[in-house]
Amino acid sequence: MRKTLVVLFLLAAFSGTAGAQSGTVLLNAAGATFPAPIYTKWFDVYHTAHSNVQINYQAIGSGAGIAQLTAGTVDFGASDMPMTDDQLAKVKGKALHFPTVLGAVVPTYNIPGVTGDLNFTQKALAGIYLGTITKWNDPEIVKANPGVKLPADDIVVVHRSDGSGTSFIFTDFLSKVSPDWKSKVGAGTSPNWPVGLGGKGNDGVTGLVKQTPDSIGYVELIYALSQKIPYGAVQNAAGKFMKADLTGVSAAAAGAAKTMPDDFRVSITNAPGPGSYPISSFTWLLIPAHFDDANKGQAVKGFLAWMIGDGQSYNEGLSYAKLPPPVVAKEKKALSQIQ
Amino acid sequence: MSTATTSIEHAAPPASGPRALLRRLRNGDEVAHVVTLIFAALILLVTSLLVYELWVRSGPTRAASGLSFLWTSTWDPIGGNFGAVPFIFGTLVTSLLALLIAVPLGLAAAIFLAELAPRNVSDTTAFLIDLLAAVPSVIYGVLGIFVVVPMMRTTIGPALKKSLGFLPFFRGPNYGVGFLTASIVLTIMIVPYIISVSREVLLTVPRDQREAALGLGATRWESTWKVVVPWARTGIMGSIFLALARALGETMAVTMVIGNNPKIAASLFAPGYTIAAVIANEFNEATSDLHRSGLMELGLVLFLMTFILNGLARLLIIATERGGGRG
Amino acid sequence: MKRVLLIWRKSLNLVMLSLTGVAAFGVVSVLFLILGYLIWNGSTSLNLDFFLKLPRPEGEVGGGVANAIVGSLKLLFLAAIIGLPVGLLAGVYLAEFGGKTFSFIVRYTTDLLNGVPSIVIGMFAYALAVLPVKHYSTMAGGVALGIMVVPITVRATEEFLRAIPNSLREGAMALGASKWKTIATVVVPAAAGGIITGMLLALARVAGETAPLIFTALGNQYWSPGWGQPISSLPLVVYTYAISPYDDWRRQAWAAGLVLLALVLLANIGCRIVINRKGVRSV
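So the protein sequences, as listed, match chains F, C and P.
For the first sequence, this note's numbering gives the first residue as 3, with consecutive numbering after it.
For the second sequence, this note's numbering gives the first residue as 9, with consecutive numbering after it.
For the third sequence, this note's numbering gives the first residue as 73, with consecutive numbering after it.
Here chain F stands alone, though its shape is the one from the complex:
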């Protein structure tokens, strides 16, 4: 008897745990891990300012974000890659892309005896990841780094084992700069890597690189900055070696802004311009054009309007680049498409 009472009591207690107040709009969103830090920051700041809007964001992956948006189990999604036409066709009604921030992917390495920044030509990166360049003292790497003593050791290649937008951005870049890569592997979240060890998450890749001499890997810029991991410079389309920073990333976006399509689906890797960082990318929020619940629609619209304005002031604090003004203007216009 006593036990039953205990059980009933617990049930009651749990069910009533901080029940939602009436008038609160509860939104659930899921998707990309890459922008998760800034998204959670934004949702938190927005909630403090508008206490009736509560947006719960879970970083479960771009692919999952797209899938859940299509299945209707989340209110909106997020992805590091734009949805393809096929994917858009599967969504009930229309889905809109809204770029939110810009990020970059950087090459990190661990070579005994090498302490400075290395320069990587486009051919070098492609060759290393294709497995055609196998030693650190390969001419392609040496010629870009005069004065650096590179050992004759085998390169240990590290890539992501889990499907990720970061891999997509990196392979998208490689596909643009290497016809060999494009035909053999292609761009995607889970490529069939010709060589290398797979680490799970940015963390896994960094861990492997740190622990394995003569290794090279790629990670997100914010990760490298917050964990103080050394990374190298990459040659851009104009031939200059750029070490990733927020200015370089914004420059890449600004170049693309002129030719951006109205639905915002664009790739900015290997962007033109002398100051552009070549492995940069937008990341998008995937918003349904129509919300059955008008309150939800209003809440989302309100958030997006804030995001492209005041929201952007939080980007650089977390090492994301801001959206260039022409893109912001375009997004403002696109907001009217949400009902």
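Warning: the hint list may mix true and false statements.
Claimed, not checked - Listed next, the in silico DSBU-like pairs over lysine-lysine satisfying Cα-Cα at most 30 Å (straight line):
1. Lys234(C) <-> Lys82(P)
2. Lys212(F) <-> Lys260(F)
3. Lys271(C) <-> Lys125(F)
4. Lys212(F) <-> Lys170(C)
5. Lys303(F) <-> Lys92(F)
6. Lys125(P) <-> Lys298(F)
7. Lys324(F) <-> Lys260(F)
8. Lys170(C) <-> Lys137(F)
9. Lys94(F) <-> Lys206(P)
10. Lys206(P) <-> Lys92(F)
11. Lys298(F) <-> Lys206(P)
Derived by calculation from the structure, the hints in this document are not laboratory data.
Go by the hints and put chains C and P onto chain F.
Frame of chain F, contents of chains C and P only:
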């Protein structure tokens, strides 16, 4: 009995008809039988539903490649080419190797706890070992990366190479991650199951069995190994099944220390991949239906593997069963 | 000759018994290594805030995992009421009533179910409990974990019921008890120690599972009202925080791991006390 012509309605229950059903229902034993049967059948229902789901969702890749899925070794989500071989290999190698190490280790520890340790030490230790089962997989993975991997690269690997380097298992470059590291981490994860259940089962062996053996002049070890353990054999095997099942399905910890490279290699130092690991890694980001279908098909293959492995293990039990212990 | 054999047997005895001690010691030291690591890295985060506050966005210091603690409790509660009865009753069936072939099939299937990767069970629960209602929920997470609790419970129940000698059953029935009454009031209580161990082992295992929850409970930065909204949980927190680039979050990950272990430990202790009070222990 009286020979009065009283009615004989309640002398014997009617054999069939609604009356019979009612009578049977009022009989608690029948009810208990049916109720427990329903729950047992529920397990079958859920599992069949699961297999059905896997089957349906793996439709696209099954239509595209059919049985060749089982002997193709490429895994190319972008190109749309899927094959299961490297993952089957990795899953088998890591799980079986983990069992190979965990079973003697676990059984030995269980014997110590059940037979030799004083009761309260044994209880407390078993308590603590049960805790190991609750440690999230991720923590095992992270510990694997920070402790086991460097140990493998700097200490264990070179030691094995020096002593057993002539074997093909211990050749080739040693990155720290790989089959052997994954097996070690798996061992630590499955040992608690073996110890926990085996210890409890050993404790249920009646005291008179031990005493009989000792009375006949057996040493402590002989009484344990030749009498007590065989008596508890089915329970111990049960714990091994549990452990094997956990090893086959383990995802997080394995993917963090195995190197995630879908290739077959003879060396235990080489990086590999398991079915559970690749599903965990790629499912969330899979952007094409074909990719998701390929991963589901891998889930189906794992199911098949578990089916076969369990079957082989049971045959082994039947073969070694000599009627000892309880029925 | 006899002398030599005796010496051999005696030395073997000593060696083997010592080895078992070494094995036990080895396993326990690994446990302490893990606990030590968690404590070393996580204890700095174990302040009152940790237990009472909601998470802060990435990069910000402070905040806590209060919602994850409650979430884990809720999910485990659901898993227990969904999975334990099924496991127990099925185990009773296998040990006391079962027909030969049907029992074999059930046992086999249970082992199969146990071997399914937790992520696949998560996907299954997703198809069952999330898609139809187009909603991630605590309920769906409970279903996924409930399914996982069943196989270990069945195995443990069956094994320990079988360990009870028939003399006990026969004695009860000779006193006039029906079969089911015997089982319910004599056999099961006698095997309670082992059965409860199995149940706790099962719950301990699912307490630390992340993969199935990603597809069913999703996760939540806020409190989760009722049973129909996404919900946070300790293993999910460990998973997200441990692989994040923020040191503060990482420390919280270890602390969350410690809290999880503490919860399981408390549950274990609680159950043991209850059993011992009732005075039943396996033979």
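Evaluated hints:
| no. | hint | result |
| --- | --- | --- |
| 1 | Lys234(C) <-> Lys82(P) | holds (15 Å) |
| 2 | Lys212(F) <-> Lys260(F) | violated (40 Å) |
| 3 | Lys271(C) <-> Lys125(F) | holds (26 Å) |
| 4 | Lys212(F) <-> Lys170(C) | holds (26 Å) |
| 5 | Lys303(F) <-> Lys92(F) | holds (23 Å) |
| 6 | Lys125(P) <-> Lys298(F) | holds (27 Å) |
| 7 | Lys324(F) <-> Lys260(F) | holds (16 Å) |
| 8 | Lys170(C) <-> Lys137(F) | holds (27 Å) |
| 9 | Lys94(F) <-> Lys206(P) | holds (13 Å) |
| 10 | Lys206(P) <-> Lys92(F) | holds (16 Å) |
| 11 | Lys298(F) <-> Lys206(P) | holds (16 Å) |
Figure legend: structure checked against the earlier numbered hints; the only hint not met is number 2.
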